[in-house]
Structures are given as structure tokens and as C-alpha cells.
Amino acid sequence: MTEERDAPEAPLRQLFERQARFALPKAVPEVRHAVREHLGAPCPEVQLCVTELLTNVIKHVGESTPVAVRLFRTPDGRTRLEVTDPDPHAWLIARHPNPDDETGRGLLLLDAVARRWGVWLTPAGKTVWCELSGP
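Take the sequence shown: its position 127, counting from 1, is numbered 139 in our numbering, and each next residue is one higher.
It is worth saying that the hints were derived from the structure and are not from the lab.
In this text, all values refer to a predicted model and were calculated from it rather than measured experimentally.
Now the in silico label distances, taken between C-beta atoms and shown as ranges: (1) ALA136 - PRO54: 30 to 36 Å; (2) ASP99 - VAL125: 23 to 29 Å; (3) ARG128 - HIS101: 19 to 25 Å; (4) ASP112 - THR67: 15 to 21 Å; (5) ARG85 - THR134: 21 to 27 Å; (6) PRO135 - ASP112: 37 to 43 Å; (7) ASP88 - PRO111: 33 to 39 Å; (8) THR134 - THR67: 18 to 24 Å; (9) LYS71 - THR134: 18 to 24 Å.
The beta carbon of each residue, even a glycine, is placed where N, CA and C say it ideally should be.
Using the sequences and the accompanying hints, generate a full structural model.
Following this line, the structure appears as C-alpha cells:
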């Protein structure tokens with residue numbers, strides 16, 4: 013499920029924010045590790061989503077793009093992940109790759125593990141967010 017704009021329904025408690033100086037391939041495992049360390053529990057779905065969203069910025073907006081990664085706890089206990097970049101024009105489109113394609117499954121994975129996800133556009137850029145159960 014995608015939604016063009018979906019502000020949080022209620023105040024969220026921020027758990028983590030990391031301003032990655034640049035979206036670079038070497039930053040992906042560093043941020044994934046930081047998320048795991050911060051949550052203090054196994055969180056493979058959250059780590060998968062942060063990997064896919066950061067990789068999308070690198071691939072579709074460009075290496076060295078400034079990004080911010082934030083985690084929130086919703087009032088009902090879900091984890092909300094947000095990845096913000098400065099490009100308001102790079103729209104996300106879920107592809108339907110052929111079995112032999114090596115890419116194009118990131119948003120399908122996000123859709124499969126997240127309870128819901130979407131894109132929040134602003135004049136300063138976009139935030140791609142997803143909400144997951146726990147940890």
C-alpha cells in the first residue's frame with residue numbers, strides 16, 4: 013500500500029535519528045547496524061527496510077545525496093522508519109521484475125514486510141516511511 017502523503021496520526025516518540033552525511037554504499041551496513049544496536053533486539057524487518065530505502069536513494073537519486081534516517085515508536089507500539097532525501101521529484105514506483113532481473117524488488121519487499129508505507133513530499137524533498145510491528 014502506498015500513500016502520497018501520510019503524516020503521523022498521533023504524536024510519535026522519536027527513538028533514533030541519524031543524519032548520514034551522504035548516501036554511500038558503505039553507509040548502508042553502518043546505518044543497519046546502528047538501528048539494530050539502538051533497538052537492542054533482533055529487528056530483521058526494520059533492517060531490511062532501512063537497507064532498501066537507503067539503496068533506493070543511492071541508485072535513483074545518487075551517491076553522496078544527504079539523507080536522514082529516523083525511527084519512531086507509534087502510540088500503538090509500531091516502529092516507524094523514515095528516510096528523507098532532498099529530491100522531491102524522484103517518485104517511487106514498485107516494479108514487477110522478471111524472474112531473471114537482478115534488481116527491482118526493493119519496494120515489493122518493503123510492501124511485503126511493512127504494515128503500511130508511503131511517501132511524504134515537501135518542497136525541501138521527500139520522506140519515504142514505513143511502519144512495522146515491534147520490536
